Amino acid sequence: MADVEAARRALVEALGPDEVLSDPLALALYARDASLVEGACALVVFPRSVDDISACLRIAAEHGLPVVPRGSGTGLAGGATPIGDALVVVTSKMTRILEVRPQDRLAWVEPGLPNLDLANALRPYGFTFAPDPSSQQTSSIGGNVSTNAGGPHCLAYGVTSNHVLALDVVLPDGSVQRLGSESPEAAGYDLRAVLVGSEGTLGIVGGVCVRLTPLPSDVRTMLLDFEAVADCAATVSHVIASGVVPAAMEMMDHGIVVAAERFAHAGYPTDAAAILIVEVDGTPGAVEAQRRVVETAARTNRVREIRVAADEAERALIWKGRKNAFGAVAQIAPHYHLHDCVVPRSKLVEVLDGVYEIARRHDLIVTNVFHAGDGNLHPLLSFDRAVPGTLERVLRASDEIVRLCVDAGGALSGEHGIGLEKRDFMPLVFTAEDLSAQACLRSAFDPDGRMNPLKVLPDGARCGDFAMARGSVAAQAAADLPEGAWI
Amino acid sequence: MDLIHPQSKAEVVDAVRRANGDRRRLLVVGGRRHLDKGNPTELDAELWTTQLDRLVAYEPAEMIVVAEAGMRVGELERILAAGGQEWPADAPDDATIGGVLAAGASSARRLKVGALRDTVLEAEIVTGDGRFVRSGARTVKNVTGYDLHKLVVGSLGTLGVIVQVALKVRPLPETRRTLRFASGPGIADAVLAAVPAAAAVLATADGIELRLEGWSAEVEEQAHAASGVAVPVDAKADDPFPGSRPWEERPVVAEVTVPPSRLAEVVPPDGWGALSGVGIAWCGLDSADGELTALRERTHAVGGIAPVVRGPGGLGDPPLPASEVQRRLKTAFDPNDVLAPGRGWGRL
Numbered sequence: 003m004a005d006v007e008a009a010r011r012a013l014v015e016a017l018g019p020d021e022v023l024s025d026p027l028a029l030a031l032y033a034r035d036a037s038l039v040e041g042a043c044a045l046v047v048f049p050r051s052v053d054d055i056s057a058c059l060r061i062a063a064e065h066g067l068p069v070v071p072r073g074s075g076t077g078l079a080g081g082a083t084p085i086g087d088a089l090v091v092v093t094s095k096m097t098r099i100l101e102v103r104p105q106d107r108l109a110w111v112e113p114g115l116p117n118l119d120l121a122n123a124l125r126p127y128g129f130t131f132a133p134d135p136s137s138q139q140t141s142s143i144g145g146n147v148s149t150n151a152g153g154p155h156c157l158a159y160g161v162t163s164n165h166v167l168a169l170d171v172v173l174p175d176g177s178v179q180r181l182g183s184e185s186p187e188a189a190g191y192d193l194r195a196v197l198v199g200s201e202g203t204l205g206i207v208g209g210v211c212v213r214l215t216p217l218p219s220d221v222r223t224m225l226l227d228f229e230a231v232a233d234c235a236a237t238v239s240h241v242i243a244s245g246v247v248p249a250a251m252e253m254m255d256h257g258i259v260v261a262a263e264r265f266a267h268a269g270y271p272t273d274a275a276a277i278l279i280v281e282v283d284g285t286p287g288a289v290e291a292q293r294r295v296v297e298t299a300a301r302t303n304r305v306r307e308i309r310v311a312a313d314e315a316e317r318a319l320i321w322k323g324r325k326n327a328f329g330a331v332a333q334i335a336p337h338y339h340l341h342d343c344v345v346p347r348s349k350l351v352e353v354l355d356g357v358y359e360i361a362r363r364h365d366l367i368v369t370n371v372f373h374a375g376d377g378n379l380h381p382l383l384s385f386d387r388a389v390p391g392t393l394e395r396v397l398r399a400s401d402e403i404v405r406l407c408v409d410a411g412g413a414l415s416g417e418h419g420i421g422l423e424k425r426d427f428m429p430l431v432f433t434a435e436d437l438s439a440q441a442c443l444r445s446a447f448d449p450d451g452r453m454n455p456l457k458v459l460p461d462g463a464r465c466g467d468f469a470m471a472r473g474s475v476a477a478q479a480a481a482d483l484p485e486g487a488w489i
Numbered sequence: 031m032d033l034i035h036p037q038s039k040a041e042v043v044d045a046v047r048r049a050n051g052d053r054r055r056l057l058v059v060g061g062r063r064h065l066d067k068g069n070p071t072e073l074d075a076e077l078w079t080t081q082l083d084r085l086v087a088y089e090p091a092e093m094i095v096v097a098e099a100g101m102r103v104g105e106l107e108r109i110l111a112a113g114g115q116e117w118p119a120d121a122p123d124d125a126t127i128g129g130v131l132a133a134g135a136s137s138a139r140r141l142k143v144g145a146l147r148d149t150v151l152e153a154e155i156v157t158g159d160g161r162f163v164r165s166g167a168r169t170v171k172n173v174t175g176y177d178l179h180k181l182v183v184g185s186l187g188t189l190g191v192i193v194q195v196a197l198k199v200r201p202l203p204e205t206r207r208t209l210r211f212a213s214g215p216g217i218a219d220a221v222l223a224a225v226p227a228a229a230a231v232l233a234t235a236d237g238i239e240l241r242l243e244g245w246s247a248e249v250e251e252q253a254h255a256a257s258g259v260a261v262p263v264d265a266k267a268d269d270p271f272p273g274s275r276p277w278e279e280r281p282v283v284a285e286v287t288v289p290p291s292r293l294a295e296v297v298p299p300d301g302w303g304a305l306s307g308v309g310i311a312w313c314g315l316d317s318a319d320g321e322l323t324a325l326r327e328r329t330h331a332v333g334g335i336a337p338v339v340r341g342p343g344g345l346g347d348p349p350l351p352a353s354e355v356q357r358r359l360k361t362a363f364d365p366n367d368v369l370a371p372g373r374g375w376g377r378l
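Quick mapping for you: the protein sequence lines, in order, are chains A and B. Residue numbering for the first sequence is 3 to 489, as defined by the working numbering. Residue numbering for the second sequence is 31 to 378, as defined by the working numbering.
Please note: incorrect hints may appear among the correct ones.
What the hints assert, rightly or not - What the simulated footprint calls covered on chain B by chain A, stretch by stretch (three residues with Cβ under 8 Å from a Cβ of chain A suffice, anywhere in the stretch; the number is not a length):
no. : segment
1   : 53-63
2   : 137-150
3   : 326-337
4   : 345-354
It should be emphasised that the hints constitute simulated quantities derived from the structure, not laboratory data. Nothing here was measured: the structure is a model prediction, and the numbers come from that model. Ideal Cβ positions, reconstructed from N, Cα and C, are used throughout, including at glycine.
Okay, chain A solo, but in the shape it has when bound:
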């Protein structure tokens, strides 16, 4: 049984009283992330160093507390939602850039550093950190690592795992290990690669060595508008099949265009069935060559108008509408529920039609803004939780959307992760044997099931003789799960 009070005293001693919260209001604040799932926790701590994190994990182990790592809390799948007597370890006070080494094309940063702050700090060196999730003003690098975050520009540049060279990770027993290397290859199995995207279930990231990407010398942003969704989607496939991988290719449907335009005044055509934001970059010659291919593809697929940003201000305006799309939908209804299934590009139109049909059947408003180049959908269901029966309809529609994507050969999540929200969908895409192998991997890092229990893997996923829960921490957490925490 967890001894919360003893753990609190030990944490205060190790980190100081200001870095440990236990009052009910603070605990309520950290009981959820940006998903719809609400949980509960026993203690919240704010480490200021890798050593602090190590102390937190040793104390949690000693007193039998499950541990939930948290960055900025922008996660959309409940990965940072604590359960039961959890100790929430918040990295938001670890925001330093420790070193930038352009000659090695790397930088070391602390996990709580906001994504955009890193990109801004690297610009004077002629480099950037390529992953740029829509939450980049707030979301932390450590959180980006935990969800293998993407963003519009990962179409050409790749997701977070491609941009992480090494991680200083605190394992559940409190030991600190460097996974990966400042060198391009490291000895041993590639633990760095599996840690990225593991949603805080294998250890806590205390330091991140990121790979720097040279900034392109030129960039051009285009806004294409279409009278048919199918033409917009066909343009996406046409561009890729023509040998161009734009830096970004983002699609927005009519509903989201209207909402975003009212919010951001980006000059979006509000009568379009769909718009496509395409950005190409590289040397001036590369930009020009790609622009020609994109325009040809768009005209072949009946584009109505092509607007090319003339300067940085116009470019920023085009992106403003896209990056603030999720804020804009607050005008439609107070709550939204968002999925991020990935489907083959060739199935985009078919799946979108299915999504519209599901929303119609459940009498819900759905808008779509997504990374079309990656096939990464973001169907967004807007609703008012206060209206009785609405949340239930949203959840039924969500369930159908997920199954539709899986039937189209897709994956459950492209960048948000599985967390609590999608863990019970895992058997839709994996066999019991697949899941047992994943449980084995998890057990190798966390034999006691102490790290972020109940996340990612569904009940019953076990690694042979290793009991995931060992009957203790995770089982207790499951018993503590509040009514309705599941969705």
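Given chain A, put chain B in place with the hints provided.
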């Protein structure tokens, strides 16, 4: 030495399960091109993957190819070229996809094309205890569960048999050109600074090869930028890259990887080629004796590794991070030690 030639994935499962029953130690073999990488170990049988060579799915507009792991790299290259694309392994034609991945081999164009491990989107694996496991998905983005398909890349056949993979591929460049500079390796950093998005800057003891790939106008612009640093002695379009491989003239080749700024201090006096901005150097040696030991001492001192990729010499014994986790992984996936025990890093 027994040879096992499974004709299907099910036969791989059978073979591995039988080996567990008989406690026989297996070496997984593809095109035999990367077998020198790994520690020497005692074996009872070879399990050949070369009969598993089907193309499963390829749609150029998806930029993904799905193939069985025993397919030869040359065959894959031909299939993809017809779709205007490539999988940038830069491995010998008769190497297999699975062999390239299990060895964690690296392309000389890594500066532009990235690490090969990042191209693996999905894998089907037969684990050491005979479980048939799929991980990942046939989509370019995916955060759905744990990435076992990334764990097996570079695992040297010690965790499971890779039987099928989905790979992210890329468009073939419109233009390829290699510029050769006679100046010594000292200007490599200046060339890279002038062309930060080059496909490769390969320095040798004798000079530099700058590889440019991309749109024709882009390659022109990059060539112009490079000529501001030094005047190239020649420029060749569509030649194989690298044009000169001095390390291959020696019987033993070590693949050194260090932070890029430390390359100059670890490479031997000659017989090497180093990738600027990446931190990989192939070093040719006359033997796996003192010369290799000294190279490894220099490399390990700056946090790098130096496995031998041709000839004797194994992997060396650099510190193994999170060694307990590494050991538990080996035990979880190969509990009876049937997959080349001792061949991997840390003698796993």
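Evaluation of the provided hints:
Counting residues of the segment 53-63 of chain B whose CB lies closer than 8 Å to any CB of chain A gives 0, so the stated coverage by that chain is violated, three being the minimum. For the segment 137-150 of chain B, the assignment as covered by chain A holds, since 5 residues bring a beta-carbon within under 8 Å of that chain's beta-carbons and 3 suffice. Using a Cβ-Cβ cut-off of 8 Å, 3 residues of the segment 326-337 of chain B lie near chain A, which meets the minimum of three, so the contact claim holds. With a threshold of 8 Å between beta carbons, the proposed coverage of the segment 345-354 of chain B by chain A holds, since 7 of its residues qualify and at least three are required.
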